[in-house]
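S.K.: Sequence:
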Amino acid sequence: MTHSAGPPTRGRRRPSLRHWLRPQSPQTLVLGICMSVGGLAGGVRGVMDGKGIGTVLALLGGGVLGILIVVSYFTNYEDRR
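Anchor point for the sequence shown: position 18 equals 22 in the working numbering, and the numbering is continuous, going up by one each time.
Because the hints were derived from the structure by calculation, they are not lab data. Predicted, not measured: the structure shown is a model, and the values here were computed from it. Every residue gets a Cβ at the ideal spot worked out from N, C-alpha and C, and that includes glycine. Just so you know, not all the hints are guaranteed correct.
[As the list claims (entries may be wrong)] Cβ-Cβ distance ranges computed for the label pairs, FRET-style:
id: 1; residue 1: 58; residue 2: 81; range: 20 to 28 Å
id: 2; residue 1: 68; residue 2: 31; range: 14 to 22 Å
id: 3; residue 1: 14; residue 2: 58; range: 19 to 27 Å
id: 4; residue 1: 80; residue 2: 14; range: 22 to 30 Å
id: 5; residue 1: 52; residue 2: 82; range: 15 to 23 Å
id: 6; residue 1: 79; residue 2: 52; range: 32 to 40 Å
id: 7; residue 1: 65; residue 2: 31; range: 16 to 24 Å
id: 8; residue 1: 14; residue 2: 49; range: 44 to 52 Å
[As the list claims (entries may be wrong)] The calculated lysine to any residue pairs, modelled on SDA-like cross-linking and capped at a C-alpha distance of 25 Å, are:
id: 9; residue 1: 55; residue 2: 77
id: 10; residue 1: 55; residue 2: 70
id: 11; residue 1: 55; residue 2: 45
id: 12; residue 1: 55; residue 2: 43
id: 13; residue 1: 55; residue 2: 65
id: 14; residue 1: 55; residue 2: 38
id: 15; residue 1: 55; residue 2: 37
id: 16; residue 1: 55; residue 2: 68
id: 17; residue 1: 55; residue 2: 71
id: 18; residue 1: 55; residue 2: 44
id: 19; residue 1: 55; residue 2: 76
Start from the sequences and build out the full structure, keeping to the hints where you can.
M.R.: Below you can see the structure in the form of structure tokens.
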């Protein structure tokens with residue numbers, strides 16, 4: 005005879021997409037800082053060296069993505085406090 009009382013059985017529950025989009029670890033913060041510095045500096049270097057527009061936009065896009073990761077880390081940090 006099984007009873008339904010007690011904690012739920014242990015199973016593999018997948019986290020929601022919102023969980024994956026919220027950076028929560030300090031390693032994510034460091035990754036975002038490195039991406040933003042590297043992307044923005046690489047974009048400026050690409051412009052100075054006369055690289056193609058695709059290369060420059062890709063590097064600048066990586067920098068912008070890094071900035072978004074850093075900003076979302078700190079906004080999520082305020083929500084956790």
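S.K.: Each of the hints needs a verdict: does it hold here or not?
M.R.: Against the structure, the hints:
1. Here the CB-CB span from residue 58 to residue 81 is close to 35 Å, at odds with the stated 20 to 28 Å.
2. For residue 68 paired with residue 31, a C-beta distance near 20 Å keeps the hint of 14 to 22 Å intact.
3. Checked against the hint of 19 to 27 Å, the C-beta distance between residue 14 and residue 58 comes to roughly 49 Å, which is inconsistent with it.
4. Judged by the Cβ atoms, the range 22 to 30 Å given for residue 80 and residue 14 holds: they are separated by roughly 27 Å.
5. For residue 52 and residue 82, the hinted distance range of 15 to 23 Å is not satisfied, since their beta carbons lie about 37 Å from each other.
6. With their beta carbons about 33 Å apart, residue 79 and residue 52 fall inside the hinted range of 32 to 40 Å.
7. Range check, residue 65 to residue 31: about 22 Å between beta-carbon atoms, so the 16 to 24 Å window is met.
8. At about 51 Å, the beta-carbon gap between residue 14 and residue 49 stays in the expected band of 44 to 52 Å.
9. The straight-line distance between the Cα atoms of residue 55 and residue 77 is roughly 32 Å, outside the 25 Å bound, and the hint therefore fails.
10. Distance hint between residue 55 and residue 70 is fulfilled; the C-alpha atoms sit about 22 Å from each other, no more than 25 Å.
11. Pair hint residue 55 plus residue 45 holds up; C-alpha atoms about 14 Å apart against a cutoff of 25 Å.
12. A threshold of 25 Å between alpha carbons decides the hint, and for residue 55 with residue 43 the separation of about 14 Å falls inside it, so the pair holds.
13. Between residue 55 and residue 65 the CA atoms are separated by roughly 15 Å; this keeps the pair inside 25 Å, and the hint holds.
14. Taking the CA atoms of residue 55 and residue 38, the gap is about 22 Å. The hint holds against a cut of 25 Å.
15. Restraint check for residue 55 and residue 37: the C-alpha separation of about 24 Å stays at or below 25 Å, so the hint holds.
16. For the suggested pair residue 55 and residue 68, the alpha carbons sit about 19 Å apart, so the restraint of at most 25 Å is met.
17. Simply put, residue 55 and residue 71 have alpha-carbon atoms about 23 Å apart, close enough for the 25 Å limit, and the pair holds.
18. For a cut-off of 25 Å, the pair hint linking residue 55 to residue 44 stands: about 14 Å separates their Cα positions.
19. Taken as a hint, the residue 55 and residue 76 pair is broken in the structure, with Cα atoms around 31 Å apart against an allowance of 25 Å.
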